Amino acid sequence: MTVEVPRVVTVGTPFRLVFTVNATASNFTPPSLEGFVVLAGPTPSTSQGMSIINGQRTSSVSTGFTYVVEVRQEGKITIGSGSVVVDGRTVQSEPVIIEAIRGDAPPQGNNRNEGARASEGLSEQDLFLRLELSKTNVVKGEPITATLKLYSRVSIEAINDVRFPTFNGFWSQETEAPTDIGFTEENVGGRIYQVALLRRYVLLPQQIGALNIEPAELVCVVRVRGGNQGRSLFDMFFDDFQSVRRRISAPAQTVHVRPLPDGAPASFTGAVGSYSLSVAADRDSLNAHDAVSIMVRISGEGNINMIEAPKLNFPINFEVYDTRTTDNSRSRGNTISGTKQFEYPVIPRSAGTFTLDPVEFSYWDITQRSYVTLRSQPLTLRVGRGLGSSPSVGFDPGISQVAVRTLGQDIRYIRTAMPVLTPVGRLFMGSVWFWTLAGAIALGFTGAYQLLLRRRVRNKDLVLVKSRKANKQAKMRLKTAGALLKQEHHTGFYQEVHRALWGYVGDKLGLPPADHAKGPVCVLLEERKAPQESVQEFLDLIESCEFARYAPASGVGEMDKIYKRALLSISNLEQII
Amino acid sequence: MKRYISLIFCLLAVFGWLKAQPADVAWSEAGEAYAQARYQEALDAYTSIYNQGFESAALYYNIGNCAFKLGQYAQAVLWLERARLLEPKNPDILYNLELVNRFCLDKIESPPEFFLHTWLRGVRDEYSPDQWAWSALLFLTGSAALLLVFFFGRSRGLRRRAFYGALFVFILCISAFSFGWSQKVNLLHKDYAVVFAPVASVKSAPDQQGKDLFIIHEGTKLRILDEVSGWGRIELADRRQGWMELKLLERI
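Respectively, the protein sequence lines represent chains D and S. Residue numbering for the first sequence follows this note's numbering, beginning at 112 and increasing consecutively. Residue numbering for the second sequence follows this note's numbering, beginning at 611 and increasing consecutively.
So here's chain D without its partners, still in its complex pose:
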């Protein structure tokens, strides 16, 4: 149930108050009309309509209850809710507040004064255009509502040649652009105007400084009474209205746009308003090489259509594709609100559990006058191995090797192990030490050369050296025997020679004294390639010694002969074995 009534009325002027229901109704209970003087009514009326559009028949019925009322006092008056019964249900109307003002003569007055006034031409107050801005002092990105209205106190026949304002430095969007212009009453400075809303915009300042809005212009064709003073008697009976073209424009306006203060968070990209953030993946477990979409939704109020996609840091082995943006924002009333959704399609190329960094989104909160940073929960994706990675060798197309990518370059890290520090500029090369050592080597070479030279001279006759050595050995062995020979100690001498011969051969052949027998000694000596005669001589000597030990004492000449033979035999054997 609707109430049709002018929103602003003049005290003492009758006006119509109509309650309408789009149905057949009965039992109208009028509201209390306190403060009104009811001049007539309620007068019920019924209207029926039928239309066929594309073969579809629609019929409409409406019932109205009309009052003619008048207000006697200035101020705001509330019309309470009236009710009717429709099909057994009670339908109520919304309360309406109207304003009564002490106006001047009513606009449609029929007296001569008014006509005379009108004939003087239209004044600035009778017809004007106005651009109303919700704010003129804003920060960059803060939404402003701009409303273009036509105010009139004369009847308008037509509007044409409309030039709408241009908003340089703003992002603008029309939120209301009525196709047919409806007038409502409005109180402006104590006068009732017929006001038409032409356009409503939401503006987002994109630049900083004083931004001028170019004036809007239009041409109105207005019906005014003819301004002919000396008119004839007949003219009194005919209204000589005439159409007047009038160009009117809204005054230019300036909006002061301040920059946003410093200290914006790193994730701030220019969003202004109040928002909320939600991040979700369309699934949280998948196989490698499967696609997954990360959805970031930002919903709220403000310059939402200006919001850029927040930057997401994906793990390196994720292949990231272009972000898809869905803008569900609508300009509703004074501001733009809604949801903007960013979809990040990614394909993980390897298995594992990955935690995506929290998404950060920052905006400037208009009401709190501060930056607000929203942070989502970290998102965890479990990426399975997929089907293509069975451990069988042979047909395994699933694994493809990828070259290791270089992501960045930096200098190599410092050396951490303590180095060997040397005093600056001290080098072994060319130092005194070096030359000393080189000299020492040269000296050593000369010394060794001299030594070897002398040794070579001495060793010239190798045989002589050998026999001298062998004689020395034999003499050493027969030292005691020589002493006994000088003492002419017969038994002792032979015993000693016998012992010396066996001792020498035993030592040379490595035979223990128990094995001192002629047989093995003979074999061993022959193994060492001793000449037969030397071996025979040795054995003969042993035999003669053994024999002489028990034989009657022989002469000194015999002992001396044995001694010389033993000497020669040892010397011979020494040179051979």
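Simulated from the structure, these hints should not be mistaken for laboratory data. In this text the structure is predicted, and so the values were computed from the model without any measurement. Among the clues, some could well be false.
[As the list claims (entries may be wrong)] Ranges between beta-carbon positions, derived for each pair:
1) Q741(S) to A375(D): 55 to 61 angstroms
2) P701(S) to L518(D): 18 to 24 angstroms
3) V543(D) to P808(S): 52 to 58 angstroms
4) N570(D) to Q741(S): 50 to 56 angstroms
5) G663(S) to V543(D): 17 to 23 angstroms
6) P808(S) to L518(D): 30 to 36 angstroms
7) A514(D) to P808(S): 38 to 44 angstroms
8) G820(S) to G519(D): 42 to 48 angstroms
9) Q741(S) to Q686(D): 51 to 57 angstroms
Just so it is clear, CB atoms sit at the ideal spot from N, CA and C, and this is done for glycine as well.
Model the placement of chain S on the given structure of chain D, informed by the hints.
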């Protein structure tokens, strides 16, 4: 003889280690500071070790890294080049030097070198001058021993082989010595320098009025050929020559 020498060297090493005890502390502190990205502190600590009169390729390398992290590219080039002089073939030093050079403005193409020269320098840089010195001494000993064999060898064949061996080893000794000596000269003579001024103009004469030949920037390495009263005759890697003030340079 040799045992005494090694004993003396051991003693020297122990003595050096005792003296370097505070450097040890500074070293580990610097490493920690670097790990926690406090590069200035690390640089100060490493520089304090250097100021005690010590050197080491690792020390220079770390100083260069700190300087790079602090954005002092000319310093970084200087210290890394110093480290390279001590260890010419160290891959870490070469890698970082190449990376740091990308941050320097001047790009100088060096003309191709005769391959034998490159090859010889490659062989020379394989070891440090001290290593060359020791190997020269070793080769000297070897050739002396072979010479003794030549003089006192028993058979004719042995003596002939010993003679050629001694000749060969002596050539090796001479080469090792000359490689080491060349490196030592390279190290001590400080022929090369790094430009420290942000922009420096190279003149045609050792005089402010000289004609500007070209402009070089911070971090460029060049060679000083000659010096005249605070001016140096410099040569770029591409063989262009000119004069510039020595105070704009820092010798490597």
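Numbered hints the structure breaks, given as an ascending list: Of the numbered hints, 3 and 4 do not hold.
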